[in-house]
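**Q** Here the protein sequences come in this chain order: A and B. As numbered in our numbering, residues 1 to 331 make up the first sequence, in order. As numbered in our numbering, residues 1 to 501 make up the second sequence, in order.
Simulated from the structure, these hints should not be mistaken for laboratory data. Among these hints, one or two may not hold up.
Below, in silico cross-link-like pairs of lysine to any residue (SDA-like), each with a Cα-Cα straight-line distance of 20 angstroms or less [claimed, not checked]:
1) A:K158 - B:Q457
2) A:K293 - B:V187
3) A:K181 - B:Q457
4) A:K113 - B:M55
5) A:K181 - A:G252
6) A:K292 - B:T341
7) A:K113 - B:P186
8) B:K289 - B:S165
9) A:K328 - B:L190
10) A:K161 - B:K289
11) A:K293 - B:P50
12) A:K292 - B:G339
13) A:K293 - B:L51
14) A:K293 - B:L190
15) A:K267 - A:K328
16) A:K113 - B:L367
17) A:K92 - A:K113
18) A:K113 - B:R192
19) A:K113 - B:D202
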Amino acid sequence: MNRAPRVLTLAGIGLACLSLAACSQSGTTAATGDYPTKPIELVVGYEAGGPTDIGARMLAQELEDKLDATITVVNKPAANSQVAYTTLTQAKPDGYTMAATTFPSAIMTVLDKSRGASYERDSFAPVALQVIDPTAVAVAPDSDIKTPKDLVEAAKAKPGKLRATTTGVASNEHFALASLKEVSGAELAPVHFADGSTAATTAFLGGNTDVLLTNVSDLQPLAESGKVRVIGVMDAERAESLPDVPTFKESGYDVEISSSRGYAFPKGTPDEVVDEMSTAIGEIMDDPAFQKKMTEAGLAPSYLDADDYSAYWDDTEKTFGDLFPLVKADS
Amino acid sequence: MESFTALLDGFASALTPQNLLFALIGCLLGTILGILPGIGSTAGMAILIPLTLTMDPASAIIMLAAIFYGGAYGGTITSVLLNIPGEGESAITCIDGYQMTLRGRAGAALATAGIGSFIGGTIATLALVVAAKPLSELGLRIGPPEFFSLVLIGLALLVGLVGRSVLKGVVSACLGLLIAMVGIDPVMGLPRFTFDQPHFFDGISYVPVLVGIFGLGELLATSGGAAPKPTAPTLRQLLPTRTDLRRAAPAIGRGASIGTVIGLIPGVSSAISSLLAYSTEKKVSRHRKELGSGAIEGVAAPETANNSHANAAFIPLFTLGIPASPSIAVLMGAFLQNGLTPGPQLFTEAPDLVWTVIASLFVGNLLLLVLNVPMVGLWTRILAIPYSVLRAVIFAFIVIGSYAVNNSVIDIYVMVFFGIVGFVFRQVHLPLAPLVLTLILGPFIESALRESLQISQGDFGIFVDRPLSLVFLLVALAVLAASVLSAGLKRKAGLPTDAEV
């Protein structure tokens, strides 16, 4: 009976280590130079294992070598990142707290006054953009709808009858439907699957909706297996993974909606720190091996530096801001 | 037959020492992650993925898959021994499992859960080999309206869970629903009952609630000294008796079928499988009256169901390329990072790998059994720790677990608040099962109802127009009618009814 308690103690120690590791993976690497001199916390507003988290962890791993610092990924998965953004914007602007910022969440939580966000656009100091994942439209393989034009015509013939999936109120898909309606007059009925793209995809494959809207990266495996026909991508250019699929723009409908993932510091972070981080991310993203890793994980690499990401943020806020009354009105 | 030979080849490579080792590591890690409340197997897998990139793809996927279903077993250990549900899926096991522990039958409960998990997992994997394609089509037929009607069966079964007082049962069920209503409205996008706390926008996480109600509630109740404390079983009590096994067998069978079917539906949590399995036992088991006071069926059915659910969830992944649960989504990430796109084309593109992974599911379930049944003796030694010391350890454990769910202190407050609620429930003898059921089913009912009405553009007819949905509705109605009738008959005969107000 002597053995059992010892094994138990060991198991207990193992558990304690594991829980510590899961709560915070802190380290001790010291760095030379002014920045960084201590571990950097990277706040991710989604669960461990989601696409935002996977991208952030990949980058964090490389950044550790590049900056010779420890980067701790902390998941705060609640309220479509609002909790994470609140944490970030209330943190000390010293370059040791960074957050993964995603669109539309970083913009939508500000626009939607009912959410009572304690931050605004200017509370963020954008660092770099990592991923742009355009929204795309798919239908059943045997559908009569083959092009964006067919979709608009079908929707116009039966206004508000064609059902399209979204991943929730004010999601990128919801903005996409609003934008399409504004540009072409085609009115589709949104079905909101607040649980995310799995629920939406399942319902679509089961024949419960007519149109599937989701990110290009989610559509790729379905398109490959022939379960869906992708009719159009809502981006300036065709998607690399779907070269035969036209953009909505090519068909004459100026709809450009994406979800995107980048990084930001709180406002007031010194410019040198922002630049150093932005440059480091740029160098990592320049590496073809890293690009390959991202692409394999279904993340389309699209680097923008701090200034360009700021400009992109302002543009996107304008687009979503103009569409927002439509999204809230028909919800 | 072609798939049979392919499966044999799969076994050959799953049984290489290297792959066997990784399956073993995965099972152990999963079990440990499952034991710790708050840190699920999903987070564990996500954190380990970067490490697996340097491994051989088959070994990496085998290890991650083993973590996933090992986690489904790990939660049972704390539920049974300490009344702390590690995950939502083992919450309902607390009710009868912990009662068994109080009677010194913890060993039998854990061993039965291990056997049930093995059988459930194996049956679901067999279904994957034999009939993956038709089954995945069945999963897709269950859209929002069908799912709504299916969950209504669960609610109708609730009447069986209510226990001796209908009023108390309804109070408990309504409280669960009320907690489930917190969060952002899924269709209007407006916050409900969130106290202006963004933390509550996604609803109150149910792990802190359950850990509070079961774990802390029990700690508070036993502090008074009046409530019974768990005792370590003697050596002879470790293994289930023949009566146990005879009684558990039908419950395991029903649990396995429920878990396999529900697991086919993408996006449905395995907590639902274990809840439905438990409620079904409460209705159809020969010993249904004993459920709630330490019946073996109350452990066997839900534990079997959640493991067969976990294994059945691979079917939509392999046939449709849809990740059926957050854990499976992480696993799908591992496939993608190894340059493989899950879906039907995987069987032609990388048949060796697919069949190796499928064979490893069988091997892994067997490993879980041979690991865990002998370990039962070890786990139950936890109860030999003096209760005054154990109590402090449990408290630390549930605080860490609640924090770990979202890395948020608010969840600790939530846990403490519901600990007090749990204490009050015990003092006034309110049943816990209805609350667990409505708490977990609530958000699913709501989203299924509202998605259905958006699909039908406001027409409630959608629930009766769809044949499968209609069948589910009729079953729900029959369950309800049977409960009311049997209560009425008993009253007429002057017998004491199950449901007295």
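**Q** Give a verdict on every hint.
**A** Hint check results:
1. A:K158 - B:Q457: This hinted pair holds, its Cα atoms lying about 13 angstroms apart.
2. A:K293 - B:V187: Between K293 of chain A and V187 of chain B the Cα gap is close to 37 angstroms, so the pair fails against 20 angstroms, i.e. violated.
3. A:K181 - B:Q457: holds (18 angstroms)
4. A:K113 - B:M55: Cα-Cα ~48 angstroms, so violated.
5. A:K181 - A:G252: At roughly 13 angstroms apart (the allowed maximum being 20 angstroms), G252 of chain A and K181 of chain A satisfy the hint.
6. A:K292 - B:T341: holds (15 angstroms)
7. A:K113 - B:P186: holds (17 angstroms)
8. B:K289 - B:S165: Answer holds: K289 of chain B to S165 of chain B is near 14 angstroms, not above 20 angstroms.
9. A:K328 - B:L190: Between K328 of chain A and L190 of chain B the Cα gap is close to 10 angstroms, so the pair holds against 20 angstroms.
10. A:K161 - B:K289: Cα-Cα ~51 angstroms, so violated.
11. A:K293 - B:P50: Since the Cα atoms of K293 of chain A and P50 of chain B sit roughly 11 angstroms apart, the hinted pair holds (cutoff 20 angstroms).
12. A:K292 - B:G339: This hinted pair holds, its Cα atoms lying about 10 angstroms apart.
13. A:K293 - B:L51: Cα-Cα ~14 angstroms, so holds.
14. A:K293 - B:L190: violated (38 angstroms)
15. A:K267 - A:K328: violated (29 angstroms)
16. A:K113 - B:L367: violated (53 angstroms)
17. A:K92 - A:K113: violated (25 angstroms)
18. A:K113 - B:R192: Distance of about 14 angstroms is within 20 angstroms: holds.
19. A:K113 - B:D202: holds (17 angstroms)
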